[in-house]
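> Chain residues, written in single-letter form:
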Amino acid sequence: MKVLYFAWLRTRTGVGEETVSPPADVRTVADLIEWLKRRGPGHAEAFADLAVVRVAVNQDYAAFSERVSPDDEVAFFPPVTGG
Amino acid sequence: MKVLYFAWLRTRTGVGEETVSPPADVRTVADLIEWLKRRGPGHAEAFADLAVVRVAVNQDYAAFSERVSPDDEVAFFPPVTGG
Amino acid sequence: MIRVQGEDFDAGAEIARFTSGRTDIGAVASFLGLVRDERSPGSPGLVAMTLEHYPGMTERQLSDIEAEARRRWPIEDCLIIHRHGRLRPGERIVLVLTASSHRAAALESCAFLIDWLKTRAPFWKREETEAGERWVEAKSLDDTAAERWNDGVAERWNDG
Amino acid sequence: MIRVQGEDFDAGAEIARFTSGRTDIGAVASFLGLVRDERSPGSPGLVAMTLEHYPGMTERQLSDIEAEARRRWPIEDCLIIHRHGRLRPGERIVLVLTASSHRAAALESCAFLIDWLKTRAPFWKREETEAGERWVEAKSLDDTAAERWNDGVAERWNDG
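Chains as they are written, first to last, in this note's numbering: chain A, 1 to 83; chain B, 1 to 83; chain C, 1 to 160; chain D, 1 to 160.
Mixed in with the good hints there might be a few duds.
Stated by the list, open to error - List time: in silico DSSO-like cross-link candidates among lysine-lysine, alpha-carbon distance up to 30 Å:
no. : chain 1 : residue 1 : chain 2 : residue 2
1   : B       : K37       : C       : K139
2   : A       : K2        : A       : K37
3   : A       : K37       : D       : K139
4   : B       : K2        : B       : K37
Rather than coming from a laboratory, the hints here were simulated on the basis of the structure.
Please model the entire structure based on the sequences and the hints provided.
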């Protein structure tokens, strides 16, 4: 599974992109976040306040309850500020 | 008093601008119209349907009830179609 | 600023002039109106459109419209160019530009200006088609568009 | 059409390209967004703004936004250009152009596109000021602006 981080989530995790292989009981975005938080203090800090975290699965906005599978591209980022 | 006609009011009266000296009992735009209608069949035709005639006194939109005086510039035209 | 002219204008150059050397403008909204050939199958094609106007009153009305927009919205700059004379299909007729630090102020004031201009600026269009000439009639739709600005838009901004 | 690029663009040339050789477009609305220095007295000035984005998802979201606008309004043409990278105050960030035979369709779809783009296109701004750097936070005002398009605007046009 490919995981991407943008803006301050990238700064906090210290990584823009990583390939991970979560265990089979990681079924949703929420599960994935809990699992990623254990990768280190930067990851834990990045996901400390989920109210300001948005997620995209395969480049479309997704809810934390959305299912994820090994072939997915999952991206985490703050609310967008383009335009 | 200067009277101006635009668009089809100009075409119908056959004149773009004329200087007139209405009698003292012509006090309002409505009085002026009744008086102008007697200037000829073209004028009568131009003012046949007042629902499609707009008026400006001294270059500001005015009601038919507005007072007019000898120094005024009074313009008659159809609803505008600019932009 | 307002300009009433027979000559064509360059929308891009006007936008560039609006923003050149400034760092306090976050948003420029523009509206460009062109002579459109409404040709439908079987109807006579448009050859040209002649815009007659009331010199003096035009400038006065456009200045009033601009002042009203500036009163209602926090706009940094404002430009209205309106042409008169004989124009071919595809030619530019009118340009409205508004600049503001706020995106919504630029967009709303631009829409307001073109809606009000359509119902207040003393211009009249005469169409030449292959079948003859006729004066274009005003659309009640334009009055409706202008009337929607009679509500509390100004208040919203004056609070902010 | 959408373009995501680091390079600057020429708003005037894009507007000209939109209308060149066509006689079926009566209205072109545009929105140009620029890097604004919100400097207030005593606050640190803006040195630059860096726009990070999510390549791939950006193009997908902008294409979706364009498709939604085309579904809701009878627009003849549509262009969104959004830059990324490091930009100085006064530099152009985004251009939205819409063309229609109808004035209201061009104006409304342009406002819709910039509002939706602001809340959906995956861009993030990082400000460099004389006092240091910070990520720009999203404004709830942007969500409010986007939400007003959730009502019956499309229905009004689909009837006409």
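> Take the hints in turn and mark each one as holding or not.
Hints, one by one, checked against the model:
1. K37/B <-> K139/C: Holds. K37/B to K139/C sits at ~27 Å (cutoff 30 Å).
2. K2/A <-> K37/A: 16 Å, holds
3. K37/A <-> K139/D: Judged against 30 Å, a Cα distance of about 27 Å means the pair holds.
4. K2/B <-> K37/B: Holds - the C-alpha atoms of K37/B and K2/B are around 16 Å apart, at most 30 Å.
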